[in-house]
Structures are given as structure tokens and as C-alpha cells.
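Undergrad: So the sequences go chain by chain: F and H.
In terms of my numbering, the first sequence opens at residue 1 and continues consecutively.
In terms of my numbering, the second sequence opens at residue 1 and continues consecutively.
Hints in this document: simulated from the structure, not taken from any laboratory.
Please read these numbers as outputs of a predicted model, since none were measured by experiment.
Don't take every hint at face value.
Which stretches of chain H does chain F cover? Using the computed rule of at least three CB atoms under 8 Å from a CB of chain F, they are [claimed, not checked]: (1) 2-15; (2) 118-132.
Derived CB-CB ranges, DEER-like [stated by the list, open to error]: (3) T229/F with K331/H: 37 to 47 Å; (4) V305/F with N89/H: 36 to 46 Å; (5) Q88/F with N89/H: 51 to 61 Å.
No residue lacks a Cβ here, since even glycine has one placed at the ideal position from N, Cα and C.
So the chains spell out like this:
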Amino acid sequence: MATRNRTVQYKKHRDALKSVRAPLSSSASGSGGPVIEMVNASFLRSNRPSYTPLSTEEDPGPSSSGAFTIGLPPVWIDDSEEIAANIQRAKVKMAELVKAHSKALMPSFGDGKEDQRAIEGLTKEITDLLRKSEKRLQKLSSNGSSEDSNLRKNVQRSLATDLQSLSMDLRRKQSTYLRRLQQQKEGQDGVDLELNLNENRNRLEDSEFSDVGFNEHQMSKLKQSEFSTLEREREITQVVKSVNELAQIMKDLSVLVIDQGTIVDRIDYNIQNVATSVEEGFKQLQKAERTQKKGGMVMCATVLVILCFIMIVLLVLKELFL
Amino acid sequence: MVLVSAVRDYVNRMLQDISGMKVLILDSQTVSIVSVVYSQSELLQKEVFLVELIDSISKSKESMSHLKAVYFLRPTSENIQHMRRQLSNPRFGEYHLFFSNMLKDTQIHLLADSDEQEVVQQLQEFYADFIAVDPYHFTLNMPSNHHYMLPAVVDPSSLQHFCDRAVDGIGALFLALKRRPIIRYSRTSDIAKRIAQETAKLMYQQESGLFDFRRMEMSPLLLIVDRRDDPVTPLLNQWTYQAMVHELIGIQDNKVDLRSISNLPKDQQEVVLSSEQDAFFQANMYENFGDIGMNIKRMVDDFQQVAKSNQNIQTIEDMAKFVDNYPEYRKMHGNVSKHVTLVTEMSKIVEERKLMLVSETEQELACNGGQVAAFEAVTNLLNNESISDVDRLRLVMLYALRYEKESPVQLMQLFNKLASRSAKYKPGLVQFLLKQAGVDKRTSDLYGNRDLLNIARNMARGLKGVENVYTQHQPLLFQTMESITKGRLRDVDYPCVGNHFQQGRPQEVVVFIVGGTTYEESRFVALQNASNSGIRFILGGSAVLNSKRFLKDLEEAQRIARTSSSVV
Chain F
1 MATRNRTVQY KKHRDALKSV RAPLSSSASG SGGPVIEMVN ASFLRSNRPS YTPLSTEEDP
61 GPSSSGAFTI GLPPVWIDDS EEIAANIQRA KVKMAELVKA HSKALMPSFG DGKEDQRAIE
121 GLTKEITDLL RKSEKRLQKL SSNGSSEDSN LRKNVQRSLA TDLQSLSMDL RRKQSTYLRR
181 LQQQKEGQDG VDLELNLNEN RNRLEDSEFS DVGFNEHQMS KLKQSEFSTL EREREITQVV
241 KSVNELAQIM KDLSVLVIDQ GTIVDRIDYN IQNVATSVEE GFKQLQKAER TQKKGGMVMC
301 ATVLVILCFI MIVLLVLKEL FL
Chain H
1 MVLVSAVRDY VNRMLQDISG MKVLILDSQT VSIVSVVYSQ SELLQKEVFL VELIDSISKS
61 KESMSHLKAV YFLRPTSENI QHMRRQLSNP RFGEYHLFFS NMLKDTQIHL LADSDEQEVV
121 QQLQEFYADF IAVDPYHFTL NMPSNHHYML PAVVDPSSLQ HFCDRAVDGI GALFLALKRR
181 PIIRYSRTSD IAKRIAQETA KLMYQQESGL FDFRRMEMSP LLLIVDRRDD PVTPLLNQWT
241 YQAMVHELIG IQDNKVDLRS ISNLPKDQQE VVLSSEQDAF FQANMYENFG DIGMNIKRMV
301 DDFQQVAKSN QNIQTIEDMA KFVDNYPEYR KMHGNVSKHV TLVTEMSKIV EERKLMLVSE
361 TEQELACNGG QVAAFEAVTN LLNNESISDV DRLRLVMLYA LRYEKESPVQ LMQLFNKLAS
421 RSAKYKPGLV QFLLKQAGVD KRTSDLYGNR DLLNIARNMA RGLKGVENVY TQHQPLLFQT
481 MESITKGRLR DVDYPCVGNH FQQGRPQEVV VFIVGGTTYE ESRFVALQNA SNSGIRFILG
541 GSAVLNSKRF LKDLEEAQRI ARTSSSVV
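Only chain H is shown next, with the shape it has when bound in the complex (with noise of 0.2 Å):
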């Protein structure tokens, strides 16, 4: 609940003084961050009656005095230009204005300036910078992600615009939050560094006043790791509802598109996903595909039950009693149709791609050893005309990843066999992957075969057998997470910034991941929360990330690597 309800009650507090006919006007950014927490409905009962976008509003030169206009933006230079604008042609009776950052001083005389006819009642900053997606995860949608993956001479404006985006949305969470964390960040990663320092500064000196709450006894813990320590993740195909279905068909700030899918009633193009409005889907996100569909077959029994009941209308009483529950039957109809048609798109989807072949030589890729029967399963696979490029693809990554060392000449035979079977295949893109993410770059021990106790409790593990061979990949995270539970985050591996030091067990831990999430790993964290250690975790990345968008980021930071090599 806690990221949800920050966000809610930012928007709320915003409306709720205002009385009177409301427009809320939003930026490109800000619209996600309210519409996965806000509803429209909820907005109307707020008499909030009319919300665009701050571009679009710039277009029209109608005046709509009996209005009074709410903007709530990102202090962009941008939003600021077309503030200036606006203030300066007024059109709305009163104007209240809500910056979900800090503003600069400049930005605020700028827009004194053109508020010549001192419209602006109020200028607040509300500090919900990051979207909301479910209780413990959240997100900032950066668009150019792969920024990450470059080093800092390729681009050095965009790299440091990607982490002030970063900072900015981490500073907003701890003020949502108002605790002021100790931080800690992967000593491998230079941008971690980067932006676990930014951060510091941001908190510590620069607006130290803004930050200094009141203290618990232990602070909470701030954790700033990188994608590639941890490529494996959003390689692999998933089977848990809510990853599955972004993985398979995307999910995009709790919107699922479907318009690509033919035959579809036009209510049902594009669905909403989301924990907070939809009972079945809270109860069954992180239920595996099996589970899934039992539970949805009962779900139809019982619609059908109802569905039935209210067919056989006899007495004026059952007249009375099926327009009484209407509205509630609508409501169910809606929702079992939604479920219906994403388990069988995705159903569709697993057939035609042989996912279960797939996703089994994966997992084992992920998680067992073998290097000869891995070598001889991917070649199965790879020789196999009906898996699709991008599952070729994801397979020899995954077995580059964990076989990077141990036979090159097998190696190159896989990635020649790749260049040769796929059409599309950007040569070289494995060996990109391994020298952003290979073993020299990953700080922690990824496959446990690193050091002996490790190597034991894999034993151990494959000794007792898994329960579900598709599911049985944990991330590294939760690894991470059991460290930070136990006490014993290594030093080593992660280092405190400044002097702080911290003592004995957080009660609060933010990972922050750059390079961007996957639902995989909230799963781990919502389901380690609701185990309740003690501890609560909350999750966010600069994205959220499926096997096509990493593979996507991979792709545009090798092109750019090529042609700025190319220049040098």
C-alpha cells in the first residue's frame, strides 16, 4: 500500500482545498504518475471535470473563466517555457500550481515574471515523482534507458541527464516516505556510484533542511545496483501471471494493449491490470499458469452460476432483485472476460513459440550445472526450425552467461550457428552483453559457484528437488534481500557513501536497480514483505523491464558503442 497511498494522498491534498469546477492539467510524465494511482471517477467526484495534457491545452485560445485550473508537472525547463506561456494569456479563473520536484530559484522568478496578472494562487512542490505500479514497486519510465550500459565519454549530457532523473526520482520516494536513508551502492558499477553519490549530496548538503526528519532508531537503507549484475533476470521467459504477461504481451503503467489481437470486442482492446481495483488479479498475480487457469475456470463457473440465476426472472421480486444487482453483474462480466482473454492470448502465444520447450533449457541454464548437456540442449534447440529468433537469441545469451569461461570453442560455435540461422541477428551483440555483464563485471556471485558455501547450498538444493521446474529461478535480488535480512551485506561488495555506517539490521531497504526492474523480482519482494522479517523492502528501477525492452536497450547502447568507437 505504502507507494500507492503516498501518491493518492499527494493527489489528494492538491484537490481537496480547491472548491469549485476543476481542470487538472498534466504533463506527459505526470499522467502516468496519477492516472496508476487516481481513477477517472475518482477525479469526478472531486469535481475535477475536464484533465489534459499541458501541450495540448497550449493550442486553444478558449477562455474558460469559471475554471479553476490545477497543473500538476515536472519542473522541466520545458513545462516551465509553456508555463511562462500560459500565465501570461491566462484563460482559467484561478491557477494552483504543483511541481512534483524541487524548483530551482530561476524557475520560480521565471515564472513570477510572467505572471503578470497574478492568477497563480498557489505554488507548491508535491514530491510524487515516480509511478506507482503496485504497492512495493515502483518505476520512473525512463525513455532512452540504455544510457546505463555507456560509459560516461560516449555521451555525457545524456548520461547525466539519465541520473539527475534517477536522483531526482529516488529524492522524491524518501520524501514521500520523509526518511533520510543511508546509502549503498554496488562497487562495480560506476553509475551506481554516480548516482548513489548524486544522491548523497542531494540529501546531505544540498538540501539537508528539506531532508533532516526525524530520526528512527535505525535508519533505512538505500541500495543502488546495476541491471548487469543480474542479466539472467529479465532474459528468461516467465510463468507467474503479472511477469508473464508483460513478458508475452506487455504491460505498460497497468495498461495491457491488445489492439494487435484480432477479434476483440472493442472494450476488451486494451485492459487494465492492476492489483488495487481487481480482486482476481490481486489474489492471483503471483500464482503460476497452472494455478492461473484453475482459478479462472472457477471464476467462469461462478459467472455462469450467476449468470444463469439471473435468466430465470419469475416473480416481480427477481425483476426487482436482477436490475438491483445489474450494475455488479456488468462488473464481473467485464472482469471475467478480461482474465479469460489474456490467458488464452498468452496460452496462444506459449504454443506457437513451444515456450515450455523453451523456458525448460532456460531455467536449467539459469539455475543447474552441466555444461555438456547445456551445450547439447541450446544445439537441440537452436537446429529446432520452429523456435523463433529471439528465443534462439536468449539462449545462447543465457549460456554465454554462464559458460562464458569454461569452453570458448563451443562458444563460438553456438554464436556462428546463431549469425547463420537468424536473419536478423545484430552480429556481435552476445559478446556485447558479455563485456557489459560477464563475470568480471558482476559484483556478487550470480550462478552461487563462486565460493564454497554457495556451491553447497546449490547442492543442497538440487538434492531436494524443485517444485515447479518453470519457476524454479530466483533472482539475485533475492539473494541480496536475505543478505540484508540476515545482517550480512558485505562491505565488500557494497560500500556506504560518506561516513555513515550502518548499524546492526535496516527496517526499511529501497533497491534501487539502474537499468530497470522486472516483475520477477517484485514478486520475490512482495511475497519477502508479506513473509514479514521485519523488514520491509520496496523495489523501483529506471524502467520495467521484459526480455525485448533489455534486448532493445542492448541493442541501441551497441550501435551507439559502434559509431562513437568508430568516430574515436
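Excised from the complex, chain F in its bound form (with noise of 0.2 Å):
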């Protein structure tokens, strides 16, 4: 694949006309070379809330030879920037809550109910820290000049992109871990089972002659097999919420992201409907400078402002006269 770097060429002529232009110019700019101003508009920001567009100058005169100005961005880029730090700690958040599923589904002596704390910790940080996101995200849509509002909603797009991303990866996750933990816990529960029935069978051939009521033993299985059968529906709902959580997160996200491979991922629709779009609004503003105009309301106000005219007119005669 070739290709051909004119940047050295392009840059010894342009230094050329530069040495050429530079004594022409000092009288006009009274500085030697371009002079860079900054325009603060972080007074700006903590004035009004709402974005402020840079008021840098248009046409900057004739000073225009010396000076540019430079100003600082505008104040929805530190919202995506925020945005985007967000989804880098949920990122390092994931890979810590991956740790910590394989360290909780190995067979250990303890409770287990630690780990099972922690698990849950990490995962409801990341179902916030996605939740804050995109509700920020929403925020950022705007209605200021349409390459403005472009560019917005193409970083919208993109960053609901990886939010979606992340949020699927983590549910994906969660679901592999419940399953491997079901699988577990059946398992106890099997030979648990088992060794019940066995017992029971022992006790039966037993107890014949016993009581009636449950033994201690058996009351404890049972109040045992209770407590387990409460823990998985606890851990159930809990993941229930999460899913119904993400669900939400990816119905709306959904909404910003771009499906792949159809017309609206083509770079041309999307600058030609920007265009179109342009058409249309201008249209409609002449048709309504045109209904404006013809209006009768124009009408009234024309005629009652001549009717002002003539009574003051009246008045003014009738001082004269009388």
C-alpha cells in the first residue's frame, strides 16, 4: 500500500512564504509571529449551567493576521469524559467480580457467605455505576446547531455502544455464576437428599414403636433444608433485580445504538439526512415567515397602529383649535 508524505515539501514552502509575509505583517500585528490568546470559559460555566458556545471571534478583523484564538471546549465533552472514566472503572470493577465468582464457586470450609457479600457488592457498584451512566447519557442529547447536535449524538452513539457492551458482558457473567452455583448446590443437595432418605428409612424400620412427632435430628435437617431453600430464593430475586435492571438499561440504550450492517451505519445516509434535514428546516421557516406575513393578525396591527396615528393626530388639531 503506497503512500507519499508532501508534509516536508508542504512545510519548507509554507516557512518560506512565512519569512516572506513575516516582515510584512509586524507593522499590522505589532508582534512578531501568530499570538495566541485563551479564552477562559470556565467563568462562563460557572455562571450558566446550561453549554455556552465559545464566543470566539468570527471575523476577527484586522488583526486577524496575528491573533487566533484558542478556546476550551465546551462543557458536555467533560460530561462524555466523565462518562467514559465510568465505563473504564466499571470495566476494572468486571474483572475484580470475575475474581471473585471463581473464588466463591471454588469448595471452601467457610461459610462461603463473605465471599457471597462481596459478590454482591461489586455487582451492585457496576449495575450503579452503568445506571449513573446512562442516565448521564441521556442528558447529552441537546438541541444546539445541527453539526453541534451531530457530533453529540454521535458520541452518544458511541458511548451507548460500550455501555451495552458492558452491561451484556456482565449479565452473562452473572448467569454463568448463578449456574455453576446451582449446579453446586444441587449437588449438595443430592447426596443430602440421599443420605436423608436412608436415614429416614433407618428411622422408619426404627421408629415404629417411637413417637409420632419429628425427631431432633430430622427437625434440624429440616429447619436446614428450610434456611438453604431461603438462601437460593434471596440470591434469586436478587439476580431477578439485576437482570430487570439491565433489561431497563439496554431497552433504552437500544435505542441510541446503531445496528450494524444496516442503512444507518452507512456514513452517506448519514450525511445526506443531515443535509435533508437542514432542507427541510429552512423550508419550513420560509413557509412560516410566509403564513406569518400573510397573516391577518399583521393586518389588525397595521390598521389599529394607523387608527393610533389619526386619533393623535385628531387630538393634537383639537388642542390647537380649542
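Work from the hints to combine the two standalone chains into their complex.
TA: So, in C-alpha cells, the structure goes:
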């Protein structure tokens, strides 16, 4: 794949021209080279929380040859950067979550409660981060100028794609973890159940002449199974809640995300759309102007104003002659 | 993959070293070049958050200095003017300029002149100056394609412009492939000769340093042929998927515009048919209509299965699985609707225009002999009320191209009948076609009836019978490719430019058809490449033709020829 770099030639020519131009323009701008002014938009930002366009001069006038204004980026860029940072943090936490999952799945002597709590905590943090980012993302849409709104929309789309893939990833990891957990638990219960059955059979043989009520041993077994059922139910409701949350996020995001391979994923389609929507807007404006001009309101207003003038003139005349 | 990946590599390189938020600015031609190989979502991943056309961006004055501007333009004088204006009032933080072809020194000086604020960080030439519609098929999308049919005296500046664009496109292709070819052209075509000589001058004299690549044992071959050597292929009706969609509806830059069809949901009004992004299309683009129907039915059945299982949600796990698979499901749904819509629409058109009937006769005219039978068939169809004007015109043209010399009286009869039946027929169009592409003007043996070997081959094929009457036609390009594969491309018909000689068989061949290619020809190229004959073919042209476009070019050329001759 061949390319050719003409930058060197270009820069050489540009520098040659600069040295020709500089002695001529120094009288105009009063300085040797280009002057850079920093327009600090932070004051504007603190006073007005809404988006303020940069106040760079459009046509700097006679001092243009020397001065070039660089402005700071608009406010919403900070929002988008924050969302991107959140996404990064969520990714890091997901890695931790994976580790915690695998640790919890390993057979251990302890109760495993701490692991569970760690996992729950991490999952909750990640879901919170995702939800916060998503809410922020919705706020990014705006109605500024058409170019700026396009820019915002595209930034939104890219962040939405990232968020969606993250939430899908999280859910997939959760479901595998849950499945493996269930398998493990069932294994345990299976063994328990067998033991129980054997015991019961023994018990039955033994206890034909014993009490009708429950044995202590059986009571404890019953309590244990009740407890584990409650636990499992709690875990499941937890997972259901997070699945629901993530489903909600996915639904909101899927509106923003581009479907790959469709017409909206084509660059030329998006450019055309901007052009047509701007044209349409212009046509509507023209139509509105025309209807407004033709409107009866304008006629009425003009008639009233003329009448007012006539009345004033009559009044003045009356004063003069009487 | 070759062409598409070449352009993608260029775009990747443009964007990779520039960090931060970017805006990509294109002109009306480079938009097509980039859109067929790169998607919007991929641009977003590279942090390009705004794409604009260079004309519209000049209208706005808003400053966006937090963005870095990447310009990818063709090096035309208009674009240079636009650039100068924008450089003197810069709106963006940094400017990175990429041009799709070679810049003249004067153009560089003009740009440097207006860059007083020194915002330009780099200025490079990235030779992606062609539209890679398929892996082995490119086009230059030239708007006024008809100039190749007119002699140079009529409009020398437009013809020069045409040749320049062709030479630029071919040069850029070889720079992207990093090869320097041996050039051969079609003997009887003046414009092919002219383009061949100018390309040779560019590659071997003017920019010989740029084209000086490491020599492989076999230089590749560039063969420049004229559309008028094979006027039959663009006139025929097509029955393989991609070619059929282009013939009946129209594909532009891999997009199909269905807005003229009523009752379509909004997201199906314009669809994308790209072999890169659509696996079903990639598997079916060269299949004929009957097989497509079956495959689509299978796809719809699969989809219905998935949809049914999605409705059967009973446990939480099912719900979770549904939400997981939703994006896939949605994509599948969109794809299925797209293909079903296209096939439905095409079936409707085939019904309305009685294309099965018409196409049978067309294929007979193009492939087999029998003048009497052909005349009868064409007359019957001309008398048939339900055949549309354009189909009648095509039939008469095909008859005329084949039986030009055999029975002038009957030919005259057909012309008169055509003129009387078709209200909009521009008189003399068929004769104009014969003048352009008649048997005296064509280089090779289009119908295989000039020398004994070809006649024998045709008879053998006729005896063997054909698989499918509707797809029996093989374009002239197929025979050319066969000759090249066997190393038997005749020097008499296709001379070399300069004194380079071709020893043996080349391993890479680029065929450029002046006047445009068709999807039928690109299908043959793709199938040939898939057959692993050891030679890789690439096909390109000044446009992608269907019968409508070819007829339009003919009409335009005829109109200009008439006005110029009346002036002279």
C-alpha cells in the first residue's frame, strides 16, 4: 500500500512564505509571530450551567493576521469524558468480579458468606455505575446548532455501544456464575437428600414404636433445608432484580445504538440525512415566514397602529384649535 | 478481499495516529469511496464523531477547536479552492490533509500560501481513488460516462477529463496494490488506446519513481478494453441475485433505494447489499433466482423458529437468555425483512413485465443461432401489448447486433415496427448503436461465429445443452479471461503499449472496461478467482451498468453527436 508524504515539501514552502510575510505583517499586529489568546470559558461555565457556545470572534478583522483564538472545549465534553471514565472503572470492577466469582465457586470450608457479600457488593457497584452513566448519557442530547448536535449524537452513540456491551457482558457473567452455583448446590442437596432417605428408612424401621412427632435430628435437617431454600430464593430474587435493571438499561440504550450492517450504519446516509433535515428545516422556516406575513394578525395590527396615529393627530388638532 | 482491504487500510492509517475527537471531512466522491468500506460505527470507535462534506462545512462559521480535522479529498481544483478558504479561517484545532491522488506542486504551493496560521500538521497522498464495491470489482462512478462513445473532436475537454479520471483511478489502484503492470489495450478502440498510453506515460515516465516497486518474476497485466466490444452484456436481463437487483431496481455504492415502492416500513426504504457485512448475501449473491427463493425460505423458517422460542418464555433463565440474544435477534429480523422485500419486489416486476418470456428470447439472440426463428420471436414479442417499451427496444437491439448483416430488409421491418409501437423511442438509436458497436467495430469474436474453432465450440455447447436457459450467456470477458489463463491473448487484437513484452502467464490481471462494467461480468470474475487457476483477476470500469444506464449513455451520446454534426 503506497503512500507519499508531502508534508516536508509543504512545510518548507510554508516557512519560506512565512519569512516573506513576517516583515510585512509585523507592522500590523505589533508582534513577530502569531499570537495565541486563550479564552477562558470557565467563568462562563460557573455562572451559567447550561451549554454556552464559545465566544470566538468570527471575523477577527484587521488583527487576524497575527491573532488566533483557541477556546476551551464546550461543557458537555466534560460530561462525556466522565461517562467514559465511569465505563473504564466499571471494566476494572468487572475483572475483580470475575475473580470473586471464581473464588466463591471453589469448594471451601467456611460458610462462603463473605464471598457472597463481596460479589453482591461488586455487582451492585457495577450496576450503579452503569445506571448512572446511562442517565448521564440521556442528558447529552441537545438542540444546539446542527453540526454540534450531530457531534453530540455521535458521541452518545459511541458511549451507548460501550455501555451496552458492558451490561451484556455483566449479565452473561452473572448467569454463568448462577448456573454454576446452582449446580454446586444441587450436588450438595442431592447428597443430602440421599442421606436423608437412607436415614428415614432406618428411622422408619426403628421408630415404629417411637414417638409420632419429629425427631430432633430430622428437625435440624428440616431447618437446614428450609434455610438453604430461603437463601437460594434470596439469591434468585437478587439476580432477577439485577437482570431487570440491566434489561431496562439495554432497552434504553438500544434506541441509541446503531445496528451494524443496516442503512443507518452508512456514512453517506448519515451525511445525506443532515443535509435533508437542514433543508427541510429551512423550507419550514420559509413557509412559516410567509404565512406569518400573510396572516390577518399583521393586517389588524397595522390597521390599529394607523388608527392610533389618526387619533393622536385629531387630538393634537383639537388642542390647537380649541 | 483485496480491493476492500486496501481502501480500509488507507482509512485506518489516516485515523490511527491522531488522538482525540476528530471530524472527518470528505467530498462527494470520497464519500462513496469511504462509505462502501467503512461503517459509521467503526468510525465512532476511532473517535471520529462528525462526518461532513467539504461544501457544507464552508457554510458554517462556528469554531470547534476541540476537534481535529481529517480531510480526505480528491485533488481537484475546486477542492483546493475550498481548502484555501478554510485554511485562511481555520475552525478546528489541527488539520490533517489526505489526498486520494497525486498533487501537483502548484497545488501544494497554493495550500501553503493560505496556511498562515500553520494549522496543517500533515499533508499526504493516500491512493484510495476508486470505489471498491466488491473484493475484486471496483468502479469510478463517473457521472458523464457517455463521452467515451464520441470522437475526440466533438468535445475534447470532456473527453480529456474522462481520460484523466480513468488514468487517475487506474494509477491509484496500482499504487494501492504496489505493482507496475504491463499494459495492453483493445486494438480497435481509440479511447482504450489513449487511456493505455497515458497510463503508461504516468507509470513509466512522469512518476516512475513512485511506481518503482520491487519486481516480481511476472509483472501483472493491465488490459484496457472498450464496452463497445461487448454491447450485449449490459442489454441482457439478469437472473443472479446481485445482477438482478441492479438490473430491476438499481444498486448505487452497495445501497438499494426502495423509496419508490409504497408500503414499506421506514427502516426498509433504503437497504445495504454488501457482501462484507451480510453473510446471507455473500453466500447468495451469485446464485440464480430459483435457488435464492429456496434459500430465503429456509432463512425465514429458521427465523420463525427463533422467534417462536423467544415467545415461549417461562422461567427467569429464559428471560435472561432472551435479553442476551435480543441484539442478534433484531439483526436477523432486519436482514430477513430486507431480503424478503427485495425478492418480493423483483418477483412483482418480473410478473408485470413478463420478463421470463422476454429473457428467453434475449438469451436465444445472444447465444444461439437461427435467424429465422429469432426474427419470428422478436416480431411476436413486439406485437405483444404487455411488453414494455424498454424491453422491446432491447430485443430489437440484440437482434440488430447479431443479425446486422444477414437480412437488412427484415431489420428495417423491425425498426419500423419499433418506432410505431414505442412512443418514446428516439429514432435512430439502434442504428447509432450499430454504428458504435457493430460487427466492424468490435475487436473480438463476440458471437463466436467468425472462425471455425469458435463455431465448432458453439455447436458442441449447443448439443450438450444448457443447465439453465436464462443464465446461459457468457460475456466476452469470460473468453478473454480464458485466453489469458491459457496464455493465448492475441497480440493482434490486444497490442502492448511501449516495448514491454509479456513472457508467459501473468499472475495478476486487472481488466478495465472503458464505459462501464456489469455485475454479470463481476460474477464471472469472482467465480474464476474462486476456481484457483493461479491467476487473480480484478475488474473495474468507469461505472457499473445496467440496461437503463447503458441506454441512457447511448441516448446522450446520440444527442450530442446530432447537435455537433448539425453545427459542423
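Undergrad: Given the hint of 36 to 46 Å, is the C-beta distance from V305/F to N89/H inside that range or not?
TA: 44 Å, holds
Undergrad: Range hint 51 to 61 Å: satisfied by the CB atoms of Q88/F and N89/H?
TA: 37 Å, violated
Undergrad: At a Cβ distance under 8 Å, does chain F reach at least three residues of the region 118-132 of chain H?
TA: Answer holds; 9 residues pass the 8 Å Cβ test.
Undergrad: Taking 8 Å as the C-beta cutoff, is the stated coverage of the region 2-15 of chain H by chain F satisfied by three or more residues?
TA: Coverage by chain F holds here, the residue count being 4 at a Cβ distance below 8 Å.
Undergrad: Determine whether the Cβ-Cβ distance between T229/F and K331/H falls within the hinted range of 37 to 47 Å.
TA: The hint (37 to 47 Å, Cβ to Cβ) holds, given that T229/F and K331/H are roughly 40 Å apart.
In summary, the one numbered hint that this structure violates is 5.
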